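Engineer: Assemble the complex: chain A is given as a structure, and chain B must be docked to it using the hints.
Number of protein chains: 2
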Amino acid sequence: MQYLNISAKDNPRIKRVIKLQKSGHYRREEGFFVLEGLRTVDDAADNGILIEELYFTNDIIEKHPSYIKKFAQNSNFCAIISETVAKNISDTTSTQGVFAVAQFPKNKAQIESGKKYIALENLQDPSNLGAVARTAEALGIDAIIISGNSCDPFSPKSIRASMGTLLRVPLIFADNMAEFIGKLDMPTFACVVQSDAEKLSDMDFSGGAVCVIGNEANGLTDETVEKCRKRITIPMKGKAESLNAAAAAAIVMWEMVK
Amino acid sequence: MQYLNISAKDNPRIKRVIKLQKSGHYRREEGFFVLEGLRTVDDAADNGILIEELYFTNDIIEKHPSYIKKFAQNSNFCAIISETVAKNISDTTSTQGVFAVAQFPKNKAQIESGKKYIALENLQDPSNLGAVARTAEALGIDAIIISGNSCDPFSPKSIRASMGTLLRVPLIFADNMAEFIGKLDMPTFACVVQSDAEKLSDMDFSGGAVCVIGNEANGLTDETVEKCRKRITIPMKGKAESLNAAAAAAIVMWEMVK
Chain A
576 MQYLNISAKD NPRIKRVIKL QKSGHYRREE GFFVLEGLRT VDDAADNGIL IEELYFTNDI
636 IEKHPSYIKK FAQNSNFCAI ISETVAKNIS DTTSTQGVFA VAQFPKNKAQ IESGKKYIAL
696 ENLQDPSNLG AVARTAEALG IDAIIISGNS CDPFSPKSIR ASMGTLLRVP LIFADNMAEF
756 IGKLDMPTFA CVVQSDAEKL SDMDFSGGAV CVIGNEANGL TDETVEKCRK RITIPMKGKA
816 ESLNAAAAAA IVMWEMVK
Chain B
576 MQYLNISAKD NPRIKRVIKL QKSGHYRREE GFFVLEGLRT VDDAADNGIL IEELYFTNDI
636 IEKHPSYIKK FAQNSNFCAI ISETVAKNIS DTTSTQGVFA VAQFPKNKAQ IESGKKYIAL
696 ENLQDPSNLG AVARTAEALG IDAIIISGNS CDPFSPKSIR ASMGTLLRVP LIFADNMAEF
756 IGKLDMPTFA CVVQSDAEKL SDMDFSGGAV CVIGNEANGL TDETVEKCRK RITIPMKGKA
816 ESLNAAAAAA IVMWEMVK
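Same order as they appear, the protein sequences are chains A and B. Note that the working numbering has the first sequence beginning at 576, numbered continuously upward. Note that the working numbering has the second sequence beginning at 576, numbered continuously upward.
None of these hints come from the bench; they were simulated from the model. The reader is advised that the hints may include incorrect statements.
[As the list claims (entries may be wrong)] Using 25 Å as the maximum straight-line C-alpha spacing, the simulated SDA-like pairs for lysine to any residue come out as follows:
1. A:K638 to A:L579
2. A:K681 to A:S657
3. A:K812 to B:P680
4. B:K597 to B:Q685
5. B:K732 to B:K758
6. A:K662 to B:N751
7. B:K833 to A:A815
8. B:K732 to A:K638
[Claimed, not checked] Partner residues are not named here, just some residues of chain B that face chain A (Cβ under 7 Å, in silico):
9. L625
10. P680
11. A706
12. D717
13. M761
14. A815
15. K833
[To be verified] A few chain A residues that don't get close to chain B, going by computed Cβ distances all over 12 Å:
16. Y578
17. K597
18. K644
19. G705
20. V707
21. T710
22. T740
23. A749
24. G813
From a predicted model like this one, the values you see are computed outputs, not experimental measurements. In this text, a Cβ means the ideal position worked out from N, Cα and C, and glycines have one as well.
Isolated chain A (complex conformation):
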């Protein structure tokens, strides 16, 4: 198969790819994002994510011809890019040299009573979001609810940290978490660092639940805590002031499903 060659950094397609890598606002506006790496692109293809454009270096087509052939068959536009262009597009320090422009995954979900959800308000670290997604999928949480002011689940860092899980696990977007929680007709739990809150281990999540985890530095907003039916906490010892958000979420999700 013959492919177009792109080696100019100011090629308009390449400029768009770089913008999609860097700007969450642009990603949301377009409804497209960039996947990087053989494994991630393969995962996406297997999960029915629509690949619009595919870019790869000569190096990777030599190393993995069958993968590139498979990806190319499923995309509307393909081009070979130079190593320099690959480095410009890449969000990592050592790129494999394969990128796909893909449509946002259709893993949007709806709230159903009796099911179990982890909700994230203003979570800022893509590594934490990625780790929460991995834990949620592994433990069988039904969906992740993400507030509008949280970090972007379709940023390169989030997707990498999630090992591709964010392309599969059902997501629900809540512009304003307090308003969203206020409208739900099911048990809702605010996870807080307060010694007078109820203990996580005393809770019964068997009838379905939404547990809300807050921002890394500031926890949940007062408004969201107020809208939840209960305040729950992981009792802490020593001089510890809080847990890492992804670690707290892991413990909460473990209790929700066991």
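Structural biologist: Relative to the frame of chain A, chain B by itself:
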């Protein structure tokens, strides 16, 4: 109080500080490491960590004179550094402008039967190590056992991710994890991703335990798994292949102490 001024990047003291920031080998050789930021230096001073040298910018002494005075009284050498030198020393993108060269904390511990330990074999990501330390302290785990090939708990990234917890939580260093585990006379548990392993939730940790978590990509070595009395697992659903190491450790430690 009058302080020495340092603005030359090739000042030998500054060169040593930069080397201590960058090289784990040099830190172990010297037994010293670098603390960065007001909060971290203050935490260290409060925890009895010996501060050998203190470096700060004019900017931070103007903003926080009482802190700097307190730190200076406890250190053997103080100097005002230029903003450029501060940027050269710093491991972060925006530095507060205060650094301490400190002796390794004396938080070394010994194994005692009946107590509870989390062990990390070949853990590579300082963010994971930091998160494990935060969870261990918060849940009251007695000490963290760290294998020789794990990332350095006294690297700037580890300390930052741990929010200073690594300066407080007792640490035990095990050159070779398999050998270390083999010599213990107490229940030892290898945390694995194997469906034929025993379920974490079926275990009884009340008599004390060592639970071992492995490398982010490859898990535990066969040698270490063999030396442990039991193989335990967190049952997983969906297409998930594993949990983030810090999330898995959080769930395991939660079960150990409840």
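Engineer: Each of the hints needs a verdict: does it hold here or not?
Structural biologist: Quick rundown of the hints versus the structure:
no. : hint             : in the structure
1   : A:K638 to A:L579 : holds (19 Å)
2   : A:K681 to A:S657 : violated (32 Å)
3   : A:K812 to B:P680 : holds (20 Å)
4   : B:K597 to B:Q685 : violated (29 Å)
5   : B:K732 to B:K758 : violated (32 Å)
6   : A:K662 to B:N751 : violated (38 Å)
7   : B:K833 to A:A815 : holds (17 Å)
8   : B:K732 to A:K638 : violated (35 Å)
9   : L625             : violated (19 Å)
10  : P680             : violated (14 Å)
11  : A706             : holds (4 Å)
12  : D717             : violated (11 Å)
13  : M761             : violated (21 Å)
14  : A815             : holds (4 Å)
15  : K833             : holds (6 Å)
16  : Y578             : holds (31 Å)
17  : K597             : holds (16 Å)
18  : K644             : holds (24 Å)
19  : G705             : violated (8 Å)
20  : V707             : violated (8 Å)
21  : T710             : violated (5 Å)
22  : T740             : violated (7 Å)
23  : A749             : holds (23 Å)
24  : G813             : violated (5 Å)
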